[in-house]
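> Using the hints, position chain B against chain A.
Residue strings, one per chain:
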Amino acid sequence: MTQILVFSEQDSVAFELLSKARELGAASVAVMGASVGAKASDYFAFGGQKVFVGEDARLADFHADMYADALAQIADASGAQTVLIGSTKRGKELAGRVAQRLNCGAVTDAIGLELAAGKPPLQAQRYALGGNTVATDVITSARQVIAVMPRTFEASRTGGTGETVRIELKLREPRVKIVERKQKAAAVANIESALTLVVVGRGFSKQQDLALANELAKALQAEVGCTRTIAADLHWLGEERMVGISGKKCKPRLMLSIGVSGQIQHTVGILGSKVIVAINKDKAAPIFKIADYGIVGDLYQVVPKLIERIGKR
Amino acid sequence: MDIIVCLKQVVDLQQIRIKRETREPVLEGAPFVFGQFEKNALEEAVRLKEKHGGKIIALALGNAKLKDLILEALAMGADEAVILTDAAFAGGGSASTAQILAAAIRRIGKFDLILMGEGSADNYSGQAIGRVAELLDVPQITYVRELAVEGNRIRATRDLEDALEVVEAELPAVVSATSELNTPRLPPLTAILKASKKPIATWTPADLGLNTNQFGANAAQVKTLSNLAPEQERKQVLFEGDAASAVDELVKALGKEGVL
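Respectively, the protein sequence lines represent chains A and B.
Its first residue numbered 1, the first sequence is counted upward by one per residue in the numbering used here.
Its first residue numbered 1, the second sequence is counted upward by one per residue in the numbering used here.
It is possible that some hints are incorrect.
Just some of the chain A residues that point at chain B, by a computed CB distance under 7 angstroms [as the list claims (entries may be wrong)]: (1) Lys-89; (2) Gly-105; (3) Thr-108; (4) Thr-133; (5) Val-134; (6) Thr-136; (7) Ile-139; (8) Ala-142; (9) Arg-143; (10) Val-176; (11) Ala-232; (12) Leu-234; (13) Ile-295; (14) Gly-297.
Calculated directly from the structure, the hints in this document are not laboratory data.
Here the structure is a predicted model, which is why all the values come from computation and not from measurement.
Beta carbons are placed, not taken as given, at the ideal position from N, Cα and C, and that holds for glycine.
Here chain A stands alone, though its shape is the one from the complex (with noise of 0.2 angstroms):
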């Protein structure tokens, strides 16, 4: 049977590795941390059999090389082939570090994990060429490390216990020092659970016109997602609401895609959307190739006229 090792440094991303792991073989945990206290008890609910506790002061801040070189000694003592990890800003950039050192290949922004016919190697689904297209690979090097998408699988209680088995890291001393931390507003928006969402783009030429969107969403019970220029060039909005490959992954029943030309990065964030209405002035704009419905007009004219429309239903 196959050792899965998990590992990331958001529980709730470790629960979910957890969770799909104990069907795909035997699974345990990696926690790492300065002292991490009564923590690993919590993964024996979620199918751990073996939590695997490196504790040390160097340890208290993230760095990759450390945490990779941490997470390698703890995978050679472990035993395990396959060592899944939380696909998260921080974990990705572990899970290069950490296959680097134990000289095997990798996958990162995995979006679909399975054995099979039931047997190993592990295949795993990644977007490619952009998002352009989905790549199904296999790792071939004995070991493989697979960085997950977060909220891939879903998290279940199965109660059990486990053992923990604390190893004794040798590590360097940390060459990056962290001098300050500003923490990003919570989360407000939850776009990626929206069964409505509204996509605003480029198109909108100043951050009052979101206005407009804002109201449409209301009418829709919707939330509000943007792309990245939206929010992370001209911070018109939170990055918690940008979708596309560096930002989330939506699944809404409708998508109201409004001022968005439809670059292949962006889209790829809402492919999975049951309904697809695209609104923009450029009829020759991509997004309407991947559009079930388009208005090709000035949304300033059209999305005024829908909210009104919207409204007398």
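Coordinates of chain B only, in the frame set by chain A:
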């Protein structure tokens, strides 16, 4: 300060067509470009050089077409370029890429800073940075949106999901750029003309002193079983004409779909 900027030649993703019958991507005929994040990395190198002096080497991996594309990096401000275009370099994935880049960086010798994009434009797997940093045994500072150098120290603001993290480290280090770091310049015509006079070295596997099992298809640790466009059966119904009637038709259609 000596800066190496790593660049990957990729096909222009906006130009990829998908074969309708088989869902296979068609890459033939698509032009080659550098990824956006890599242009941010290069732009930052140029800004650091403007402030602190030094030299920028563009280190790029690609095919024979890279000879032309690299001029763009030189025009943006790289002083010289090393291009790795040998067919034997291809087909190995991230592990191979990292071995090739690390070997080329060792051959370049002295460096203070290595800049990359947060992920390549095509696969966005983000592995190269960690793998190269591991091979060179230097710290990595990823997802950087602000960068400053003072003496031998670097100070960077990292953009993570939950926080902005300000970190410091001693050089040398490997840093990855986000698109928020800067706006890459569009080089003027004079810079483009001058670019072709800058030195471009083409290094082969023999120049890098790697074993044949460390790079290229021999070193591939990930096998892609299939790579197809997701099944997309979109109706692509367009309503044109005046806004009011287009909206009417749209609302009618959405009602039929049962999504309103």
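> For each hint, tell me whether it holds in the structure or not.
Outcome of the hint check:
no.: 1; hint: Lys-89; result: 5 angstroms, holds
no.: 2; hint: Gly-105; result: 3 angstroms, holds
no.: 3; hint: Thr-108; result: 5 angstroms, holds
no.: 4; hint: Thr-133; result: 5 angstroms, holds
no.: 5; hint: Val-134; result: 5 angstroms, holds
no.: 6; hint: Thr-136; result: 5 angstroms, holds
no.: 7; hint: Ile-139; result: 5 angstroms, holds
no.: 8; hint: Ala-142; result: 10 angstroms, violated
no.: 9; hint: Arg-143; result: 10 angstroms, violated
no.: 10; hint: Val-176; result: 4 angstroms, holds
no.: 11; hint: Ala-232; result: 5 angstroms, holds
no.: 12; hint: Leu-234; result: 10 angstroms, violated
no.: 13; hint: Ile-295; result: 5 angstroms, holds
no.: 14; hint: Gly-297; result: 5 angstroms, holds
Hints 8, 9, 12 from the earlier list are contradicted by this structure; the remaining hints agree with it.
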